[in-house]
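These protein sequences, in sequence, are chains A and B.
Residue 1219 is where the first sequence starts when you use my numbering, and the numbers rise one by one after that.
Residue 11 is where the second sequence starts when you use my numbering, and the numbers rise one by one after that.
Hints are computed from structural coordinates only; laboratory data are not their basis.
Virtual Cβ for every residue (Gly too), placed ideally from N, Cα, C.
Errors might be hidden in some of the hints.
Using C-beta positions, here's what the derived DEER-type ranges look like [claimed, not checked]:
1) A/Gln-1319 <-> B/Pro-50: 42 to 48 Å
2) A/Glu-1262 <-> B/Thr-118: 21 to 27 Å
3) B/Pro-24 <-> A/Val-1271: 46 to 52 Å
4) B/Pro-24 <-> A/Thr-1316: 39 to 45 Å
5) B/Asp-77 <-> A/Ser-1276: 26 to 32 Å
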Amino acid sequence: DAGVIQSPRHEVTEMGQEVTLRCKPISGHNSLFWYRQTMMRGLELLIYFNNNVPIDDSGMPEDRFSAKMPNASFSTLKIQPSEPRDSAVYFCASRGRTGRQTQYFGPGTRLLVL
Amino acid sequence: KQEVTQIPAALSVPEGENLVLNCSFTDSAIYNLQWFRQDPGKGLTSLLLIQSSQREQTSGRLNASLDKSSGRSTLYIAASQPGDSATYLCAVRPGANNLFFGTGTRLTVIP
């Protein structure tokens, strides 16, 4: 299994531009999580999906952020318009159907907004 | 809201030493607790998962304990090696699906 796949691995953009981060969960997993990691705030959950349905998006910082999961094998996190304070590492994680299983993390996307 | 604290924030030890990392959480109503490892520029790798009904889990040189009533967990690393150098994160899962992470302990094992 290839594990959780995220793209791009690095993204540098200018303030005001739209940014789209992509995630492919592990095949067969039914829960998907988006996290953001910064030095100041550590790892924070942004949103999670269960069976492609958003369950809790209370961690999404503001309306500039949106996430979709059109099918079981793909999710996107979009920031529009981007701001310098969005600079962080964004992680995607997935978990299998058995509730006790751990979350498996992707390698992350390092975003820098200039 | 659940808060997770890890002490110390950073730790340097000589190779071969045994060490303990600490994690505390404010709400004892948890489903499980996990310890993760994060290498620089990389994602997180799960090391150990302890269910709320368990008191400890072991994997190789790693042993994690859980005292739910006092809101504490420890990660014990025996005979530390330079390859153990990384940031170690503790995360608790309440009844829902979310994970609340601590800020991590950055471990350096000196050869």
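Taking 42 to 48 Å as the stated bounds, is the beta-carbon spacing between A/Gln-1319 and B/Pro-50 within them? Since the Cβ atoms of A/Gln-1319 and B/Pro-50 sit about 27 Å apart, the hinted range of 42 to 48 Å is violated.
| query | Lying within 21 to 27 Å: is that true of the beta-carbon distance A/Glu-1262 to B/Thr-118? | reply | The hinted range 21 to 27 Å holds for A/Glu-1262 and B/Thr-118, with Cβ atoms some 26 Å apart.
### Message
Tell me if the beta carbons of B/Asp-77 and A/Ser-1276 are separated by a distance inside 26 to 32 Å.
### Response
With Cβ atoms ~29 Å apart, the hint holds.
Taking the Cβ atom of B/Pro-24 and the Cβ atom of A/Thr-1316, is their distance within the range 39 to 45 Å? At 41 Å between Cβs, range holds.
Taking 46 to 52 Å as the hint, is the beta-carbon distance of B/Pro-24 and A/Val-1271 inside that range? Roughly 50 Å apart at Cβ, these two residues keep to the hinted range, so it holds.
Of the numbered hints listed earlier, the single one contradicted by the structure is hint 1.
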